[in-house]
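Trainee: All residue numbers for the sequence shown refer to the numbering used here, where the first residue is 1 and numbers rise by one.
Hints are computed from structural coordinates only; laboratory data are not their basis. Each residue gets a CB set at the ideal place from its N, CA and C atoms; glycine is no exception. Wrong hints could be hidden among the right ones.
What the hints assert, rightly or not - With beta-carbon atoms standing in for the labels, derived distance ranges:
id, residue 1, residue 2, range
1, Ala34, Glu185, 54 to 60 Å
2, Ala214, Gly84, 41 to 47 Å
3, Ser20, Leu74, 43 to 49 Å
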Amino acid sequence: MSSEKVQTEHVLVCLSPSPSNERLIRRAARLSEAFQGYFTALYIETPDDRSLPDEDRQRLESNEKLAQKLGAQLEIIQGSNVAGMIAEYARASGVTKIVIGRSTSFRSRLYPGGKNRKLIDTLILLAPDADVYIIPDQGQAVSSSLPLPVHVEAGSVLHDFLFSAFMLGICSLIGWFFQSVNGAESNIIVFYIFFVFLISIRTASWICSLCASAASVFIFNFLFTSPHFSLRAYDAK
Numbered sequence: 001m002s003s004e005k006v007q008t009e010h011v012l013v014c015l016s017p018s019p020s021n022e023r024l025i026r027r028a029a030r031l032s033e034a035f036q037g038y039f040t041a042l043y044i045e046t047p048d049d050r051s052l053p054d055e056d057r058q059r060l061e062s063n064e065k066l067a068q069k070l071g072a073q074l075e076i077i078q079g080s081n082v083a084g085m086i087a088e089y090a091r092a093s094g095v096t097k098i099v100i101g102r103s104t105s106f107r108s109r110l111y112p113g114g115k116n117r118k119l120i121d122t123l124i125l126l127a128p129d130a131d132v133y134i135i136p137d138q139g140q141a142v143s144s145s146l147p148l149p150v151h152v153e154a155g156s157v158l159h160d161f162l163f164s165a166f167m168l169g170i171c172s173l174i175g176w177f178f179q180s181v182n183g184a185e186s187n188i189i190v191f192y193i194f195f196v197f198l199i200s201i202r203t204a205s206w207i208c209s210l211c212a213s214a215a216s217v218f219i220f221n222f223l224f225t226s227p228h229f230s231l232r233a234y235d236a237k
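Kindly produce the complete structure, drawing on both the sequences and the hints.
Mentor: Pasting the structure below:
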């Protein structure tokens, strides 16, 4: 019975001209192989594809060939509602797992309600019977059942913490300079808030952002409030 269940698994990977789509295809192929299921590569051809640059068109063709080489059945569907077409194909073909990419660029972090995010949210709503696997441009796969993308690679976590420490160090140097020219403490606080905001945009883990927020409070208290180099705030005299 369990063997029959494994055989009915159907993995669908969504193709695109994105440079990171190759990694997406390979992840989906390994997933299909692990479940010993069917493997389909789907591309939704929209009206905007008529103006697709030659470089993107060549990359798309390369991704299609790679998917076929890894055992996928290639399907190309024309339509403008990308999420709706993917969900409709998934229902009609008995797809159980959908693998799709997610942008982690600075713009997408600054505007989390962007086109890519809306497509993913809509797809999850329209295909409730399928497991949607979201693969960021950088990092490890995230299942749609998780509330936040907390599963990241160890190297990425270390990089995020080092980046946060570097940013807080730069902020502290700016604060020291500002204090040396008799700048107001309130302005130094604004610097820390701004740098913590940058850290939250740049890093992948919310834990790192939370630690940076807490560290900024302790660093400001330790360096810029009287008595200095103490965690006491404003020694009463």
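Trainee: All hints are to be evaluated individually against the structure, with a verdict given for each.
Mentor: Against the structure, the hints come out as follows:
no.	hint	result
1	Ala34 <-> Glu185: 54 to 60 Å	56 Å, holds
2	Ala214 <-> Gly84: 41 to 47 Å	43 Å, holds
3	Ser20 <-> Leu74: 43 to 49 Å	19 Å, violated
Hint 3 from the earlier list is the only one contradicted by this structure; the remaining hints agree with it.
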